[in-house]
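Student: If you want the building blocks of each chain, they are given just below.
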Amino acid sequence: MAIEYKKSLAVFSDFVGVEDAEALLEWLGKNPKGKVNFEECTHIHASSLQVLMAVKPPVVAWPKDENLQLWLKVALE
Amino acid sequence: MNNLLEQFLSEARDFLQGIGEKLMQLENDPDSTELMVELFRFVHTLKGNSGLFDFPEMTRVLHASEDLMDAVRNGRVNYSQTLADQLLEAMDFVGSLMDEIEVTGKIGSNHLVISTELTKALRALLDTPDAVNVPVAIEVYTEDALTVKGISWSELPIMDLPETIAMGLHRCSIDGETVLWLQYTPEPECFFKGEDPFFLARQIPDVAWRHVILNNSASTLAEMDVFSSQLVFQLLTIAPETELDDLLRYVPDQIHRVKIPALAFVKPSGSSTDQAIDDDVIDSVLALFDNDEIDALIHTINTMLELSSPELWSSSALRWVLHLIDAEPDNKPAQRILLEAFRTQTAPDWSVLTPPIVPQHKTVSAPIHVNTSEIPDTLLRDFNVVINTQKEILSLPATSSGAWSAGRLKAVGATLIGCYRAVQRPHEIEGIEAALNIALTQNSPVPLLGWLETSLANTQELIFKGEPEPVVASLAAQPEVKFGRRTDDARGENAVAASKTLKVDQDKIDRLMNLIGEMVVAKNALPYLANRAETVFGVRELSREIKAQYAVINRVAEEMQDTIMQVRMMPVSFIFQRFPRMVRDISRKLGKEVELVLEGDATEADKNIIEALSDPLIHIVRNSLDHGLEMPEARLAAGKSVTGKLHIRASQESDRVLIEIIDDGKGINPEVIKHKAYEKGLIDEATLERISDQDAVNLVFAAGFSTADVISDLSGRGVGMDVVRSAVEKVNGTVGIESVAGKGTRLFMSLPLSMAVTNVMIIESNKQIFGVPMDLVVETVRVPRVQIRTIKQKQTTVLRGRIVPLLSLNDLLARNEAQLPNEDDEFATLIVRVHGEHVGILVDDFRETVDIILKPMTGILGGLPGYSGAALLGDGSVLMVLNPRELI
Amino acid sequence: MKHILVIDDAATVRLYHRNILEKAGYSVDEAINGIEALEKSLVKSYDLYIVDVNMPKLDGYGFLKEFRRQEDVVQSPAIMVTTESGNHDKILGYAAGANLYMTKPTKPNELLSYVRLLLGEVAE
Numbered sequence: 032m033a034i035e036y037k038k039s040l041a042v043f044s045d046f047v048g049v050e051d052a053e054a055l056l057e058w059l060g061k062n063p064k065g066k067v068n069f070e071e072c073t074h075i076h077a078s079s080l081q082v083l084m085a086v087k088p089p090v091v092a093w094p095k096d097e098n099l100q101l102w103l104k105v106a107l108e
Numbered sequence: 005m006n007n008l009l010e011q012f013l014s015e016a017r018d019f020l021q022g023i024g025e026k027l028m029q030l031e032n033d034p035d036s037t038e039l040m041v042e043l044f045r046f047v048h049t050l051k052g053n054s055g056l057f058d059f060p061e062m063t064r065v066l067h068a069s070e071d072l073m074d075a076v077r078n079g080r081v082n083y084s085q086t087l088a089d090q091l092l093e094a095m096d097f098v099g100s101l102m103d104e105i106e107v108t109g110k111i112g113s114n115h116l117v118i119s120t121e122l123t124k125a126l127r128a129l130l131d132t133p134d135a136v137n138v139p140v141a142i143e144v145y146t147e148d149a150l151t152v153k154g155i156s157w158s159e160l161p162i163m164d165l166p167e168t169i170a171m172g173l174h175r176c177s178i179d180g181e182t183v184l185w186l187q188y189t190p191e192p193e194c195f196f197k198g199e200d201p202f203f204l205a206r207q208i209p210d211v212a213w214r215h216v217i218l219n220n221s222a223s224t225l226a227e228m229d230v231f232s233s234q235l236v237f238q239l240l241t242i243a244p245e246t247e248l249d250d251l252l253r254y255v256p257d258q259i260h261r262v263k264i265p266a267l268a269f270v271k272p273s274g275s276s277t278d279q280a281i282d283d284d285v286i287d288s289v290l291a292l293f294d295n296d297e298i299d300a301l302i303h304t305i306n307t308m309l310e311l312s313s314p315e316l317w318s319s320s321a322l323r324w325v326l327h328l329i330d331a332e333p334d335n336k337p338a339q340r341i342l343l344e345a346f347r348t349q350t351a352p353d354w355s356v357l358t359p360p361i362v363p364q365h366k367t368v369s370a371p372i373h374v375n376t377s378e379i380p381d382t383l384l385r386d387f388n389v390v391i392n393t394q395k396e397i398l399s400l401p402a403t404s405s406g407a408w409s410a411g412r413l414k415a416v417g418a419t420l421i422g423c424y425r426a427v428q429r430p431h432e433i434e435g436i437e438a439a440l441n442i443a444l445t446q447n448s449p450v451p452l453l454g455w456l457e458t459s460l461a462n463t464q465e466l467i468f469k470g471e472p473e474p475v476v477a478s479l480a481a482q483p484e485v486k487f488g489r490r491t492d493d494a495r496g497e498n499a500v501a502a503s504k505t506l507k508v509d510q511d512k513i514d515r516l517m518n519l520i521g522e523m524v525v526a527k528n529a530l531p532y533l534a535n536r537a538e539t540v541f542g543v544r545e546l547s548r549e550i551k552a553q554y555a556v557i558n559r560v561a562e563e564m565q566d567t568i569m570q571v572r573m574m575p576v577s578f579i580f581q582r583f584p585r586m587v588r589d590i591s592r593k594l595g596k597e598v599e600l601v602l603e604g605d606a607t608e609a610d611k612n613i614i615e616a617l618s619d620p621l622i623h624i625v626r627n628s629l630d631h632g633l634e635m636p637e638a639r640l641a642a643g644k645s646v647t648g649k650l651h652i653r654a655s656q657e658s659d660r661v662l663i664e665i666i667d668d669g670k671g672i673n674p675e676v677i678k679h680k681a682y683e684k685g686l687i688d689e690a691t692l693e694r695i696s697d698q699d700a701v702n703l704v705f706a707a708g709f710s711t712a713d714v715i716s717d718l719s720g721r722g723v724g725m726d727v728v729r730s731a732v733e734k735v736n737g738t739v740g741i742e743s744v745a746g747k748g749t750r751l752f753m754s755l756p757l758s759m760a761v762t763n764v765m766i767i768e769s770n771k772q773i774f775g776v777p778m779d780l781v782v783e784t785v786r787v788p789r790v791q792i793r794t795i796k797q798k799q800t801t802v803l804r805g806r807i808v809p810l811l812s813l814n815d816l817l818a819r820n821e822a823q824l825p826n827e828d829d830e831f832a833t834l835i836v837r838v839h840g841e842h843v844g845i846l847v848d849d850f851r852e853t854v855d856i857i858l859k860p861m862t863g864i865l866g867g868l869p870g871y872s873g874a875a876l877l878g879d880g881s882v883l884m885v886l887n888p889r890e891l892i
Numbered sequence: 097m098k099h100i101l102v103i104d105d106a107a108t109v110r111l112y113h114r115n116i117l118e119k120a121g122y123s124v125d126e127a128i129n130g131i132e133a134l135e136k137s138l139v140k141s142y143d144l145y146i147v148d149v150n151m152p153k154l155d156g157y158g159f160l161k162e163f164r165r166q167e168d169v170v171q172s173p174a175i176m177v178t179t180e181s182g183n184h185d186k187i188l189g190y191a192a193g194a195n196l197y198m199t200k201p202t203k204p205n206e207l208l209s210y211v212r213l214l215l216g217e218v219a220e
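Protein chains in written order, with my numbering: chain L, 32 to 108; chain Y, 5 to 892; chain U, 97 to 220.
Some clues are possibly wrong.
To be verified - Derived, one-sided and incomplete: chain L residues facing chain Y with beta-carbon distance under 8 Å:
#1 L56
#2 I75
#3 H76
#4 V90
Calculated from the structure, these hints are not laboratory results. A virtual CB, placed ideally from N, CA and C, is assigned to each residue, including glycine.
The shape of chain L in the complex, shown without the other chains (with noise of 0.2 Å):
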């Protein structure tokens, strides 16, 4: 699993897939208030993406991947 959910934290790790983004939004909307941590992230795929710009979600740590986190604040911002 590349993302791996806590109470209220997602931790987003190496490449996040394309089955990844059904439990993402499920998760986001039960957890109105859950953060995301994509600081082990090195890539999400177009539909995880998309559903984190629908919710917007505080992110804790943004990814170590540099081109990642130019796009990421680009869009989650």
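Starting from the structure of chain L, add chains Y and U where the hints point.
Tutor: Relative to the frame of chain L, chains Y and U by itself:
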């Protein structure tokens, strides 16, 4: 492989070699513009050629190399050793890609990383503004920014770019970079095709500004369709268009892109103020500008900037004026417009200076253009391109160099006539001709231009109003020729070409080779069988039929063998290609200057031969560089050119490959060799006295000749040359050397084209049969006993005016029997060539020649000298094959 | 049959254009630089010229400038083909006597469409 690809590869190899040579020459003559220009042309043409194919990894590297060489050629970047190294490395990479293309017809997907790294390294040498250094903007836009129809840049959301980035991009643009605004709208169902648009968007290089938009139509989160893409990516990039084409080649219809002209970035921003700027101040600024007092103008503007808040729109405008003066010092009109804008406090209107942008791709569905005429849209579009180009040409100012020659006017006239004819408006032609005649008498383009403008105004139906077709990014995705039935032909050809190459494991080829070899031998059983049918069973009819069948099988087997040989053939370029680099590296290390000339690298030989050749050849080349070629000073002192010449040539001589390594170094001094050989005990005193110079030189091949001290004081080779000789002889090759002291050395190797099947002659001696490899047999003669003379206790005979020593095979094999002559008292004699000399071997009788598969002997037998191996004959018996070189 | 002269120093590009044009039924001659192109074009009159820019000895601009200066020859249209897509290059080419610019590698259908237009051929 189709003919175009073949042509490309062969020409490309020439170019690579040319590039290598020019780089080497440049090292000696780094200021030669001529070399520089030629080098650029080579790289440029090679890049152009590679662009015809779908080899993005290759083209990318070549493109970067070309840009670099262009910069060098124009003096923007200095030629340096690092630069040469980098270019060489890039060319090595290109060469390796070509090897792969040659074998497989395409480039594997595993080269992208190296290609990207090389490109980066090459670009790093270019002093271009690096996109990475431009701070990246993070901007949020309202969604109505999406309603971009690709009509004008003024509608693009880049208008809110932060000033620093805008200035950076403006400068990039002025410096010749193309700044593209790119909008990527993935199709909604793309996830189901396994696509990840976000991943693709992230791959786009050199992004200066980026933005993502979500077009979510669902009212609640739960209703959102996560598997339907609702994203739009927008960005500004200065990546080369070809690179983008390549990257986005699978989604060209989802890409909308617009070239942004430099001035589009010049857009002051900031808060406005009620406080009007003093007219006097503006007038004085304009006066300074009009009087071309630029220093004073800059000073005044700087003072004004110090006095006002930097957030103000007017301050921004002033900063832009400074930037323009710096970046585009000659663009006075633009500077003037900006100053005017400053006065009026309104955005500058660049439309007077820049033509509207033509969008390159369509994404947003444009209103369908209803074409009233019967001219197809594409034709109409192309017609408009050509006509507008002619208009542009006719509007060009007459310069001193480009004065209006009658030829140019006529050519424009011919072009217009062609176009109007092609769109079936032949009645216009009269008008064109009339206008052309007036234009010619006046020597002015105006009459033609006038006609064209009037005509265009009157034929609205010929004006193309639709959107241009999306330009398909890469050639691969492009259907070939689109006219008539030919399309199918062209495609069919391509399909065949693509599937023509097959990658096969080498083991399988080897196995096939062995099987065919056995087949060749097995078929030899048939003549025995025929013989037995006749002599043992007395069925002559059957014997004849077997012989007829044998002829057929023989032919097929030979063809099979030939074909499989072809499969195993490899060009010597496989080895040659490392020489330019090796020679360069070694010679630089030694401080010598060497020009390497490679010739005949397309010469082919069996893979095993090529591989066996590799080490000896490298050894010889090293030797040449180490000991053959002199230091520059020594060369000068000897009256030679500073640069030594090393020539490596491959050629095919009937069924053998000849490799020559020629240098113009100091050569080998036979006297020194003689004495060294004597000291080493390789020759006795008598030999020392009478040995010829050539024989002395040949001593370098003698085992035990070379030692470390020989290297240091000897004038040349002798370093492990016996190793070279044995390696070459192992594959049935021969090696020789010729040298003239002070002039140079020529070393040559002759190798069989292939080594799997050996043609041997069967001979009889002492009631036994033996094989002798045919490639050593010069001829077979019968020598009458009376013609055998004994000179110094050695038997000789005179053959074609030449004394040939005779040896009896029984003696050589230590059998105490005399050879048997025939009824006429003649001895069967094999004349063989051993170490460059002819020697006659007396045997009892000759038999037929056969093709055999020579198996080297192993175990205890392996140590047996005088034999090169054994083979199975068709009748199941074993044939021992002699090695005359060791025997004698 | 219409005759086209393809001028390019790269054999690959010449062959590429030859393949496209011959398939479409044109007769194609080749020249490897501006000098050879001039020699050929003064002897035989071509209906169209496809001219590379960067060539040794005499480049595309040089060829066109010289060719357009010739009297008593048929001044057929010329397409300049180049990898350099800068605006400045275009103007140089137009001033020398080119009638159209195309970027390398030319796309077969685009090339043929322009060739037909310049030759005044009605598309089927």
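Student: Once the shortest beta carbon distance from L/V90 to chain Y is found, is it less than 8 Å?
Tutor: violated (13 Å)
Student: Hold the hint about L/L56 up to the distance rule: shortest CB distance to chain Y must be less than 8 Å.
Tutor: holds (5 Å)
Student: Holds or violated: L/H76 as interface residue toward chain Y, Cβ cutoff 8 Å?
Tutor: Result: holds, 5 Å to nearest chain Y Cβ.
Student: If you take the shortest Cβ to Cβ gap from L/I75 to chain Y, is it below 8 Å?
Tutor: holds (7 Å)
Violated hints amount to a single one, hint 4; each of the other numbered hints is respected by the structure.
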